[in-house]
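Chains A and B are the protein sequences, given in the same order.
Using the working numbering, the first residue of the first sequence is number 1, and each one after it goes up by one.
Using the working numbering, the first residue of the second sequence is number 346, and each one after it goes up by one.
Each hint should be verified, as a subset may be incorrect.
Stated by the list, open to error - Estimated spans, in silico, between C-beta atoms of each pair:
| no. | chain 1 | residue 1 | chain 2 | residue 2 | range |
| --- | --- | --- | --- | --- | --- |
| 1 | A | Arg-297 | B | Gly-400 | 31 to 41 Å |
| 2 | B | Ile-611 | A | Gly-142 | 21 to 31 Å |
| 3 | B | Gly-540 | A | Gly-142 | 21 to 31 Å |
| 4 | A | Ala-212 | B | Glu-401 | 19 to 29 Å |
| 5 | B | Arg-675 | A | Gly-128 | 45 to 55 Å |
Stated by the list, open to error - Every beta carbon over 10 Å from chain B, so not counted as near; a handful from chain A, in silico:
| no. | residue |
| --- | --- |
| 6 | Ala-101 |
| 7 | Glu-114 |
| 8 | His-169 |
| 9 | Ala-261 |
| 10 | Ala-289 |
It is worth saying that the hints were derived from the structure and are not from the lab.
Only a predicted model underlies this, so the values are computations on that prediction, with no experimental measurement involved.
Every residue, glycine too, gets a C-beta built ideally from N, C-alpha and C.
Next come the chains, spelled out residue by residue.
Protein chains: 2
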Amino acid sequence: MITECPVPRPESERVLLGHGAGGRLTAELLERTILPAFGGQDGPLEDASPLPGLGELVMTTDGFVVSPLFFPGGDIGSLAVHGTVNDLAMRGAAPIALSVALIVEEGLELGLLEAVLRSLGKAAQEAGVPVITGDTKVVGRGAADQVFITTTGIGRRLPGLTPSAAGAHPGDAVLLSGPIGLHGTAVLSTREGLGFEADIASDSRPLHRLVAALSPLGDRLRVLRDPTRGGLAAALNEIARDSAVAVDIDEGTVPVPEPVAAACDILGLDPLHVANEGCMVVFVAPDAADAALAALRSLPEGSGAVRIGKVLPADGHPGRVVMRTAVGARRVMDMPLGEQLPRIC
Amino acid sequence: MITECPVPRPESERVLLGHGAGGRLTAELLERTILPAFGGQDGPLEDASPLPGLGELVMTTDGFVVSPLFFPGGDIGSLAVHGTVNDLAMRGAAPIALSVALIVEEGLELGLLEAVLRSLGKAAQEAGVPVITGDTKVVGRGAADQVFITTTGIGRRLPGLTPSAAGAHPGDAVLLSGPIGLHGTAVLSTREGLGFEADIASDSRPLHRLVAALSPLGDRLRVLRDPTRGGLAAALNEIARDSAVAVDIDEGTVPVPEPVAAACDILGLDPLHVANEGCMVVFVAPDAADAALAALRSLPEGSGAVRIGKVLPADGHPGRVVMRTAVGARRVMDMPLGEQLPRIC
């Protein structure tokens, strides 16, 4: 009867942790497996997409599987709100409603679930967005790990804003709203008991107010992207590829907090590949760079905003991101391949 | 540093499988744990809720954790589409967009994932709704069971339709669009290898075309509810409770296919408690009953529609559902307590 169940494939063709890491393996999974399955549908899957016939409304969805559930600076509940609010914000949209679907492992302490949900509710309230619908499924012990949360958000685009990963132009300034590497190293340090937890807290926070502060820029605001899985390197590579430009980054300007650098050194991680949950890259027209920096710095969550580089013509290398080091050397900033930090969000 | 993590509670206060079963334990979890956490928000969590300020649009979300992934009559991919389309339909809405979030266990065969996604894509196309955005997370072996899918849907209400679980009036006719018990017994039989798979296939299917066929009834269409987790008994009890009425069901009219009755007998299940994924209960004004039955029967998915009972005044027992048996006896049809069939959807 079960005619649709396919013939098993060789061992090698299995899902790897890296398929969920936001790097090259994720892109392959999307292109080879996911998009063809939805081939008759409405174009590519994006982080946040316009509702058909209602272009001012955008929709985004994200599963949260972070381990441990609680970490310095946040927890899976607040993260589920911030991640979704930020996916909407990166399309220039203010959040208007969230849904929350829980998959809970049998035997989870109710008190832990309550704490996660209280944090989620508080984060939603602070972001000014209601949770309007939800679902709860329980699976047996060992069929899930504690609790997974899938949050879906609907947002309304701010008038005049149409940021897109394909919107970068040669000459544009590249800004970053705050330091990188805090979320990933905070979660990893807590999970592995590495002892950095006293010095590093996740940057998990909503970014929609920063985007609202940038809205007077109109179409001079070219690209917004929050460097989550895959880190700053993945975000810049995706923008360079989708805009068919080159991006030139000045290494010395990229803010990496000292404890993050120390943790990455010990763990063998590149801070450029580590997930963030509370900063964003902003590409703006050259004449808007100073106004954009001032707008970002006018809010606490943007107080560390800096200019980190600029967009160059592709010159035969569309999609290339190059880092200029302090001594003047140049190296290519590659797209991360696979999984550095499983279950970081 | 991890100050929000609560003090552990006694062993008894843990999440049970029954908390996800759609019965009394689910209602308790909602009332005691979930709703208070979102207390500052926008009212109760419902299966599908209006978007704030955009009342013609409704949103619903559902996690799908069914095991096995493939079963007679469907699979987790098609089920994820049908379940979400039907939640929208039960609010009188046509689906306009879906999002799909995957949580995948490391090591899952890519061929299996592809088959699930192809089925999901096909079901969406057949329902006429695009998948516009998505997300994929991968967790380590043993941290999830193969693949979980959370589908969120946005729908637009059909003009003039405002069905609600609180909308039943004394005198209303209670209709059922098709036979009950097929989905739950098909999944359970496949999972446990009970051998009923040759005779029973899930009724998983979209119901939005049936709802469209009922739309000429306008406000004489009082309630729509698909009896999924908790079965027909849970659906009728929820409606009776929310409408503060009594419901009187004629046992002999409730269509239970013979193989379903045989399977339930052997398994010790009550067909009234078994989940369905392709039928719905419809409450209509008395003078609309014949028109509603004719509209339902005009489509293949409603060809087995029947009248199964009527709404009575509460008479001091609001929320009571009573079943009249063939010999004229009357028994209360209780809300199922907890879990009969874990991971049925």
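Tested hints:
Our hint of 31 to 41 Å for Arg-297 of chain A and Gly-400 of chain B holds, since their Cβ atoms are close to 39 Å apart. Distance hint check for Ile-611 of chain B and Gly-142 of chain A: the Cβ-Cβ separation is about 28 Å, which falls inside the suggested range of 21 to 31 Å. Range check, Gly-540 of chain B to Gly-142 of chain A: Cβ separation about 27 Å, and the 21 to 31 Å hint holds. Between Ala-212 of chain A and Glu-401 of chain B the beta carbon distance is about 26 Å. The supplied range of 19 to 29 Å therefore holds.
Distance hint check for Arg-675 of chain B and Gly-128 of chain A: the Cβ-Cβ separation is about 52 Å, which falls inside the suggested range of 45 to 55 Å. Non-interface status of Ala-101 of chain A relative to chain B is broken: a Cβ of that chain comes within 10 Å, the nearest being about 4 Å off. With a least beta-carbon separation of about 5 Å from chain B, Glu-114 of chain A fails to lie farther than 10 Å from that chain, contradicting its non-interface assignment. No Cβ of chain B comes within 10 Å of the Cβ of His-169 of chain A; the nearest lies about 26 Å off, and the non-interface call holds.
Here Ala-261 of chain A stays apart from chain B, with its beta-carbon at least about 20 Å from theirs, past the 10 Å limit. The Cβ of Ala-289 of chain A sits about 31 Å from the closest Cβ of chain B, beyond the 10 Å cut-off, so the non-interface label holds.
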